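Colleague: One letter stands for each residue in the lines below.
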Amino acid sequence: MANHKIRVTVNGSAREAEVESRLLLVHFLREMLRLTGTHIGCDTTHCGACTVLLDGRPVKSCTVLAVQADGREVMTVEGLEKDGKLDPIQEGFFQEHGLQCGYCTPGMMLTGYALLKENARPTEGEIRQAISGNLCRCTGYVNIVKAVQHAAERA
Amino acid sequence: MIPAPFDYHSPKTLSEAVALLGHLGEGAKVLSGGQSLLPLLKLRLGSAGHLVDIGRIPGLEYVKEEGGYLRIGGRTRESALEHSDVVKKRYPILADTAAVIADPLVRNMATVGGNLAHGDPANDHPATMLALGAEVVATGPKGERTIPIEKFFTGLFETALAHDEILTEIRVPKPPPKSGGAYVKLERKVGDFATAASAAFVVLGRNGEVERVGIGLTNAGLTPVKATSAEKALQGKKPTEAAIAEASRLAAKDASPSPDRRGDVEYKKEMARVLTARALKKAIARAEGA
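Quick note, the sequences are listed as chains A and B, same order.
For this note's numbering, add 2 to where a residue sits in the first sequence, where the first one is 1.
For this note's numbering, add 1 to where a residue sits in the second sequence, where the first one is 1.
Next comes chain A alone, as it looks inside the complex (with noise of 0.2 angstroms):
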């Protein structure tokens, strides 16, 4: 009673699935496309490690519904490279040491490609306003500043 056929559009691929009602889009994510970038970090709404663009805005992904997502667009990680390039925001991250662990990475990524679709040139009050919901508990923020710098000034 509680499965429901859902169709979303993953980094560019439909996926199709028959799902449980209570499945949050990050175990979808992970457990059925074995989509494993998403990370899952506190798992309640605050660390932003499972970040995903649904319909092109960075959400949390452990705060939402798999079957809300039924008919939209979901990117995750995975969905940056395009043709082996790195994007200039996976590229930043390289270049100016914008991580240690690498756990909060692929949210602080999204986050960042999303700001730089919507703002080409951030200041770094918008890009450290845009990533206020990503943390971090390694590296501090300057690097991951300096690597969505770097990533607006190449795009």
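The set of hints was computed from the structure by calculation and includes no laboratory data.
The model shown is predicted, which means the values in this text are computed figures rather than measured ones.
The beta-carbon is built from N, C-alpha and C at its ideal position, and this holds for glycine as well.
Incorrect hints may appear among the rest.
As the list claims (entries may be wrong) - Label-pair distances were calculated between CB atoms; the ranges are:
| # | chain 1 | residue 1 | chain 2 | residue 2 | range |
| --- | --- | --- | --- | --- | --- |
| 1 | A | Ala-16 | B | Glu-27 | 55 to 61 angstroms |
| 2 | B | Glu-267 | A | Glu-83 | 50 to 56 angstroms |
| 3 | B | Glu-66 | A | Tyr-143 | 34 to 40 angstroms |
| 4 | A | Gly-86 | B | Pro-142 | 53 to 59 angstroms |
| 5 | B | Thr-155 | A | Phe-96 | 51 to 57 angstroms |
Claimed, not checked - Simulated crosslink set (EDC-like; lysine to aspartate or glutamate; CA at most 20 angstroms straight-line):
| # | chain 1 | residue 1 | chain 2 | residue 2 |
| --- | --- | --- | --- | --- |
| 6 | B | Lys-43 | A | Asp-45 |
| 7 | B | Lys-190 | A | Glu-80 |
| 8 | B | Lys-30 | A | Glu-22 |
| 9 | B | Lys-89 | A | Glu-22 |
| 10 | B | Lys-43 | A | Glu-128 |
| 11 | B | Lys-13 | A | Glu-33 |
| 12 | B | Lys-89 | A | Glu-120 |
| 13 | B | Lys-190 | A | Asp-45 |
| 14 | B | Lys-43 | A | Glu-120 |
| 15 | A | Lys-7 | B | Asp-8 |
| 16 | A | Lys-119 | B | Glu-83 |
Following the hints, put chain B in place on chain A, whose structure we already have.
Modeller: Just chain B now, kept in the frame of chain A:
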């Protein structure tokens, strides 16, 4: 964390949604943005037999001035409110509020109607809407009815909405000339609930006196608090430093916060006083500039 099992419904129209809620009874909950409801279900602080998702019903997301009001569709995302031009220009108190709700990612899902209908005194819109004297529109089996915001919050996580009603619109009266509002929040970090927060809306009279004032407090009781004694003290007075100080002192008396990790009662009341003074000063400065 995984919520207890429930069934999910995704009606395509408002009337279908209302009929479903009526048919499913008290065990059904409305799912709007889900940013309060889903954490609650995941933590198993609450449960629901059925979720009725209003996410696919057209026409519930808008922000527009019409017929003497700013009309906000119930499912309007907080991020849309925050970035709305009319809000930034004419209702800065609402932009202040939306910008400090949770974090930018949560605001991409969270909805204005949900923030009110959840009935959580820690949410930010209730105080602002109390200060503004807003009304909410509830759509149920008999059609629409309007509820003044002062009558909307009936208890902790309880509102005047019947189980088969959906909050479909919020109406904020168009600001008169020489009016202004502000929302000031103290939070430990981005994404936290308010340690204390105050919303103030003032209308200045011909001689610069306070013709009308609304003050709302966040996280200052079991329901959102309208600081009526503070409002009364300021009404009709020139907004001098002393009058603002007195109103703010009374606002702290109107507050009855609970102690938690954010602070004890004395500290929270003191913060309610300080933040009310700041909100009033900002609101008055905006009214003078209007």
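Colleague: Compare the structure with the hints numbered earlier in the document and write down the numbers of the violated ones, lowest to highest.
Modeller: Of the numbered hints given earlier, those the structure breaks are 1, 7, 9, 10, 11, 14, listed in rising order.
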